[in-house]
Amino acid sequence: DAGVIQSPRHEVTEMGQEVTLRCKPISGHDYLFWYRQTMMRGLELLIYFNNNVPIDDSGMPEDRFSAKMPNASFSTLKIQPSEPRDSAVYFCASRATYEQYFGPGTRLTVT
Amino acid sequence: AQKVTQAQTEISVVEKEDVTLDCVYETRDTTYYLFWYKQPPSGELVFLIRRNSFDEQNEISGRYSWNFQKSTSSFNFTITASQVVDSAVYFCALKTGGGNKLTFGTGTQLKVEL
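Those protein sequences? They're chains A and B, same order as listed. Residue numbers 4 to 114, in this note's numbering, belong to the letters of the first sequence in order. Residue numbers 469 to 582, in this note's numbering, belong to the letters of the second sequence in order.
These are calculated hints, taken from the structure and not from any lab test. Watch out, some of these pointers could steer you wrong.
Computed cross-link-like contacts, DSS-like style, restricted to lysine-lysine with a CA-CA straight-line distance of at most 25 Å [said to hold, decoys possible]: (1) A:Lys27 - B:Lys471; (2) B:Lys471 - B:Lys506; (3) B:Lys484 - B:Lys569; (4) A:Lys27 - B:Lys579; (5) B:Lys579 - B:Lys538; (6) A:Lys71 - B:Lys579; (7) B:Lys506 - B:Lys484; (8) B:Lys506 - B:Lys579; (9) A:Lys71 - A:Lys81; (10) A:Lys81 - A:Lys27; (11) B:Lys506 - B:Lys538; (12) B:Lys569 - A:Lys81.
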């Protein structure tokens with residue numbers, strides 16, 4: 004079975020540019036979560052969806068961050084404009100019942 | 469509010485030693501779920517185990533075993549005869565029965581050396 008798929012795996016961009024991260028959850032999972040991981044702050048939940056509807060976006064750091072889930076098999080996390088402090092590993096995870104399954108992550112570097 | 473504490477920041481052992489990773493949790497909910505995840509140097513987060521609050525049976529899977537004790541609010545993870553491939557950061561996490569979010573501990577970095 005395919006796990007959670009994320010793209011790109013690595014992204015290097017310049018400050019001020021728009022960045023879009025993509026996620027394909029495991030088929031049949033109705034919850035989707037976006038996390039950010041940094042050395043300083045650890046794992047932070049940014050937003051999660053249930054049946055494609057955003058349920059809790061209280062972890063989104065600021066208006067520069069937005070997330071969408073247009074259908075059950077695709078979600079995006081967009082940062083516009085990006086800043087150096089956004090550099091982190093961004094994980095997408097999906098869940099059917101209890102445990103969350105994580106994608107491989109996107110390592111974002113903003114210079 | 470929920471909280472997960474992994475007091476051990478880093479542990480170093482020699483291969484074939486047994487090692488226990490501690491996890492202490494706090495919640496007022498009577499129904500909750502506990503998890504362990506492994507993050508190897510390659511970076512992905514791998515689900516290892518889930519335990520329900522109403523099932524205190526300990527579990528063994530190969531060299532891995534988990535000791536769940538509600539009396540001490542602990543869910544400890546033991547690796548028997550550790551191997552270099554066990555080197556990773558291990559996270560303990562908590563989910564309440566009515567919630568959808570995972571509360572993660574800060575992780576324990578395990579280094580297994582030859």
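Hint by hint, here is what the structure shows:
1. Taking the CA atoms of Lys27 (chain A) and Lys471 (chain B), the gap is near 30 Å; set against the 25 Å cutoff, the hint is violated.
2. For the proposed pair Lys471 (chain B) and Lys506 (chain B), the alpha carbon gap of about 19 Å is at most 25 Å, so the pair holds.
3. A threshold of 25 Å between alpha carbons decides the hint, and for Lys484 (chain B) with Lys569 (chain B) the separation of about 36 Å lies outside it, so the pair is violated.
4. Between the alpha carbons of Lys27 (chain A) and Lys579 (chain B) the distance comes to roughly 32 Å, so the proposed pair goes past 25 Å and is violated.
5. Restraint check for Lys579 (chain B) and Lys538 (chain B): the C-alpha separation of about 29 Å exceeds 25 Å, so the hint is violated.
6. Between Lys71 (chain A) and Lys579 (chain B) the CA atoms are separated by roughly 39 Å; this puts the pair beyond 25 Å, and the hint is violated.
7. A threshold of 25 Å between alpha carbons decides the hint, and for Lys506 (chain B) with Lys484 (chain B) the separation of about 19 Å falls inside it, so the pair holds.
8. With a CA separation close to 13 Å, the supplied pair Lys506 (chain B) and Lys579 (chain B) stays within the 25 Å bound.
9. Between the alpha carbons of Lys71 (chain A) and Lys81 (chain A) the distance comes to roughly 9 Å, so the proposed pair stays at or under 25 Å and holds.
10. A C-alpha spacing of about 15 Å is found between Lys81 (chain A) and Lys27 (chain A), which places the hinted pair at or below 25 Å, so the restraint holds.
11. Proposed proximity of Lys506 (chain B) and Lys538 (chain B) is supported: the alpha carbons are some 23 Å apart, at most 25 Å.
12. Pair hint Lys569 (chain B) plus Lys81 (chain A) holds up; C-alpha atoms about 21 Å apart against a cutoff of 25 Å.
Comparing the model with each earlier hint shows violations of hints 1, 3, 4, 5, 6; every other hint is respected.
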